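Enquirer: These are the residues of each chain, in order.
Number of protein chains: 2
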Amino acid sequence: MASDQQEHLVDQRQPEGQEQPAVAKMPVTAPSRYSSRVILKTILNRNDNGLGLAGERLVIGGWVKSSKELTKEEPVKTSDALVNAGTPTDFTCAEVIQSRIPFLRTIIKVFGGQGNNVHDKLHPFMAKLPQPKIVYLQISDGSCVQTLQIVVHSSLVPPSQIMFTGTCVLVEGILQQSSVKGKRVIELKAERILHVGTVDHAKYPLSRKRIPVDELRDHAHFRARTTTVASVMRIRNALSHATRTFFHNNRFLNVEVPIITATDSEGSSEKFYVTTLSGHQTKMKNPISMDDAASVTLRSVKASIAEKHRQVEELMRTGSNKEAVAAALQDIRKTDDLAHQLEARERLRADHANAKTNEPNVSNDFFPCETYSTVSGRLHLESYACALGNVYSFGPRFRAERSESKKSLPEMSMVELEMAFSQLEDAVNCATDVLKFLCAWVLEHCSEDLMFVSKRLDSTILDRLQSIAVGSFEKISYAEAINNLKKDTGRKFDVKIDHGIPLSEELQCYIADEIYKRPVIIYNYPKEHKPFYVRVNDDGKTAAAFDLIVPKVGTLIRGSQNEERFNMLESRIKELNLPKNQYEWYLDLRRHGTARTSGFSLVFDLLVLQATGLNDVRDVIPFPRSFGKACN
Amino acid sequence: MASDQQEHLVDQRQPEGQEQPAVAKMPVTAPSRYSSRVILKTILNRNDNGLGLAGERLVIGGWVKSSKELTKEEPVKTSDALVNAGTPTDFTCAEVIQSRIPFLRTIIKVFGGQGNNVHDKLHPFMAKLPQPKIVYLQISDGSCVQTLQIVVHSSLVPPSQIMFTGTCVLVEGILQQSSVKGKRVIELKAERILHVGTVDHAKYPLSRKRIPVDELRDHAHFRARTTTVASVMRIRNALSHATRTFFHNNRFLNVEVPIITATDSEGSSEKFYVTTLSGHQTKMKNPISMDDAASVTLRSVKASIAEKHRQVEELMRTGSNKEAVAAALQDIRKTDDLAHQLEARERLRADHANAKTNEPNVSNDFFPCETYSTVSGRLHLESYACALGNVYSFGPRFRAERSESKKSLPEMSMVELEMAFSQLEDAVNCATDVLKFLCAWVLEHCSEDLMFVSKRLDSTILDRLQSIAVGSFEKISYAEAINNLKKDTGRKFDVKIDHGIPLSEELQCYIADEIYKRPVIIYNYPKEHKPFYVRVNDDGKTAAAFDLIVPKVGTLIRGSQNEERFNMLESRIKELNLPKNQYEWYLDLRRHGTARTSGFSLVFDLLVLQATGLNDVRDVIPFPRSFGKACN
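In order, the protein sequences belong to chains A and B. Heads up: the first sequence at position 525 corresponds to 525 in the UniProt record's numbering, and the numbers run straight through without jumps. Heads up: the second sequence at position 187 corresponds to 187 in the UniProt record's numbering, and the numbers run straight through without jumps.
One thing to keep in mind: the hints can contain errors.
Because identical chains share one entry, a pair is satisfied inside a single copy or across any pair of copies.
List of simulated lysine-lysine pairs, DSSO-like, C-alpha gap at most 30 Å [as the list claims (entries may be wrong)]:
1) K41 x K133
2) K271 x K629
3) K41 x K436
4) K580 x K486
5) K574 x K407
6) K407 x K308
7) K552 x K455
8) K68 x K455
9) K629 x K517
10) K629 x K574
11) K486 x K406
12) K41 x K486
13) K455 x K486
14) K203 x K580
15) K41 x K271
16) K486 x K189
17) K406 x K209
No wet-lab data here; the hints were simulated from the structure. From a predicted model like this one, the values you see are computed outputs, not experimental measurements.
Work the whole structure out from these sequences, hints included.
Expert: What follows is the structure, encoded as structure tokens:
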């Protein structure tokens, strides 16, 4: 746009409800509030598929999904039409001339008679005049699965500019009934090309059709232009909205937990440290940073060695006996060894001093103690539950797991909540309600996308979502789960099934997928299998925790009632050898006004797997991060 | 709870709408779905302030805000009443006996006549029987500003257990009309104490009333129990919900941008690095990590020195001439010097190799290139806008600024959006609409909390929110802004006002607070003042960026139209000396199907300042992080 237009920002939108001046007829569909274009969904997802809008003039923007070209003999357009075609602002000079060629042809025909050879004589550079063509573009703008067909005459723009998959176009035209019989009822007849963003077809990675999702992972910044990934992201968005709707309806307050934390919420060691010292800085630092006393020692030892060498030479020069010289040489060697040892010890000492945590950091880092990217927000949420009642958080959590897994990445989205004055059963009920609500929501609000993914990815998706939304979940204790696995002779596991073994993801999935064939809640685990903050049951052996496992997806939710008794919590921290000072603030909650709380974490990305039929979380996260891989 | 109750998880809730059995009368207010308690807001925020619920039996949970105690002569309760009082489960044995003392007194009176001295003779340990007392507790559960009065007879629980501020109680009782005339119309007469979480009054940091907000910052895990902070957090929650409602209504899709990134979105150097090497690990690593060739060299040199020593000894032993021995000694010394030099060089080489970025990292870090906690998500959002149209993200962003500021912390919440097929004016319009919508929303939905903060924190808050919601904003270019500042002789600034100077926060605030006294949008800045991705205007000097400054709060929103032209963007990256390889994927968006996009970032925490009248973001963020301070 010309700078004079931008010099004065004028809000040219009509206040809602007001009619635009008669010169530009007001469309039945309104343009998006922050763009001149009309969103495709508002046309195509109407009951009449847009047919009632035929005759409307509007602007459509989007990306080419596919195209075809027909060569037609047709009357050459008048110059008016060509002028009205406007000057595309993003074309090179050659392209502008090309678009004018039909006009020039008209002039030549009028003045120079028919036939191409006349053109050749008169205008050598016009030797190969392109035949008029009609281009049919299938355009998507990411608002729905369906595409809109746009009919573009080659007089408006050279087909080569717009035909390739991935090309961006902004087009003004008139909606008309589809010229081609079939499932499409409406199309746009282009009158002006307002913008073209071309594609380097040879290099564009998404030129082919139906690229498998695993190949798309390498092109995270483009892949949402494919129908599959766009559907997945719309479903993801719907689930995100539904989650927050559930909490809002149930009077949960949203509380942001800190991402940078010094509290290790699960006592795990797989953490990402957060520091302002870059790798360059931490390693370039002189590893031999010696304090005064030690450096004096080492320097004096080295000086002593130099002196001893001189003494030996003096001995030699003055003809001293060989025993004296030999003794002196041995002495040099020992002193040299000592020097090496001192140097090594100094390096260790300096490293150790800089590595101490919770003390003023001499190394210039931003915070005085070690800080991590948070693994879980539940501890912080508890403190807010013990003031505001029901609270939740929904955001990124981090785990530096070096193993490759389709269900787990270093950075994932988690939904966490804590409820005051509630117990294990309440957390289980809430988890059940959340899952059912979300499945019902996506069935109701994402039917077009679900139809698409059920055809393209997983034909069982609708049935599975429905059965979770309305069916019952199995609830068994850990002890019952072990018994069931023992009784099940149909399958061999890597471990011997016995009470006390950890219920691995594999075992849990087997229980849900094969034994019960529906979501399963397992509760009352051995306390050793669960984090320190889980309330120990009265039997002293089990802990009030639960996992909710969904067939095909795995452990979607992990929850617990939290230990509200100060003495019990303090013992657990000691028992597990956790650094107590890190948890003083958390113990404080038990010292002063402790309440029974319970809550859970829901792995949001697994929920999106659940609702799309995909198997790998890298396909449902906008920009997935993997161990050992560079990222953008 | 007894373990047998937890062994079988049974959902004891009635499906919504069903009547509970007649034995327990169904309350008019329903308990919270995941707790036995009724949320106070559902009682106190009724039109009749809860009066119509008198006679209802229900459970209330919360924390004591204040209390008072009255000693009363009253008929001693019957044993039935005492039995019905139940056994509080969290008391020590001594407390249980104490609660039974009135019952024992009854027995003594019946059998032993009237008068305390008789008690003394019969039961020495009962020499000091406590007088019956009535305790009036003001309880808050975090759902609203108002508290509920609970009347507790000391026969139920010793007053010292429950009276202190911060004590947690869960109480079953009957709602009754308030016994005390005043603004309270309803109170709960306690019948059973179900839970008490006591407070160590001497150590509890929130014992006093009306602690100033800056003192509360040191107690982030408790401070939401104060009415002020609870109101602030409820307003924050409402703004969060309103933000997402706005985007949902306007067809924006929520897209999570990565927190761990290798893309520096603003070319700034104040970043937090993310690594799996702890300070301990990075420094404990042997700084002399030598490759094979170099280590062989050093080892062979050291072996050679040892050999030379032996040779000298042999020379001595065999009586060789002194010149030979002297020469041998000199040789040893030189070789030893060489060994030291080699060692030092190896250390430097190893450090240098490990500090290189974008190359396979030999140091065992998680990702092969340097990764940061993201400063801004707008670049990643753009790629999704160029596929899905309108997208937004709402989450934590990080800036390792070492300066102290009331408006800026290392970790803050940002709302960011990008819109395809839109320009600068569209982004400005959207920013204006968002701000107005949010102010109008909080005025409509948070009246009780706003009334409270307007009395406690800032009496102008309601007017200011109203004027933003309905008033107009000033829109001026950078050039006009400079002219206005020059013309304004009423104030001296630290810098000379001239075209080309950066518009600091101070200058921007002056324009909004003093010159226009309402929100101001300044646009078309000199291109040097704005990030590399901002579209350069046709004048070649200014960039299509804007800032939205709100009086008292500062620069709330920063936005721009983005450079969609490949050549221009590439030049800017080169001009600013940015590492081009980091931005290849971003340049790709211009190579293939570029669209005009615009967007902005909104500093959510400043919005909460705006809506609460506070001045320091540490008072509106649940767990604020500050430079140089330890955190939990």
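Enquirer: Please go over all the hints and tell whether each is borne out by the structure.
Expert: Each hint, compared with the structure:
| no. | hint | result |
| --- | --- | --- |
| 1 | K41 x K133 | within (29 Å within a copy, 68 Å between copies) |
| 2 | K271 x K629 | both (17 Å within a copy, 21 Å between copies) |
| 3 | K41 x K436 | both (27 Å within a copy, 27 Å between copies) |
| 4 | K580 x K486 | neither (39 Å within a copy, 59 Å between copies) |
| 5 | K574 x K407 | neither (32 Å within a copy, 40 Å between copies) |
| 6 | K407 x K308 | neither (66 Å within a copy, 62 Å between copies) |
| 7 | K552 x K455 | within (18 Å within a copy, 55 Å between copies) |
| 8 | K68 x K455 | within (25 Å within a copy, 68 Å between copies) |
| 9 | K629 x K517 | neither (36 Å within a copy, 51 Å between copies) |
| 10 | K629 x K574 | between (38 Å within a copy, 26 Å between copies) |
| 11 | K486 x K406 | within (28 Å within a copy, 61 Å between copies) |
| 12 | K41 x K486 | neither (53 Å within a copy, 50 Å between copies) |
| 13 | K455 x K486 | neither (38 Å within a copy, 66 Å between copies) |
| 14 | K203 x K580 | between (56 Å within a copy, 19 Å between copies) |
| 15 | K41 x K271 | neither (43 Å within a copy, 40 Å between copies) |
| 16 | K486 x K189 | neither (68 Å within a copy, 53 Å between copies) |
| 17 | K406 x K209 | within (25 Å within a copy, 53 Å between copies) |
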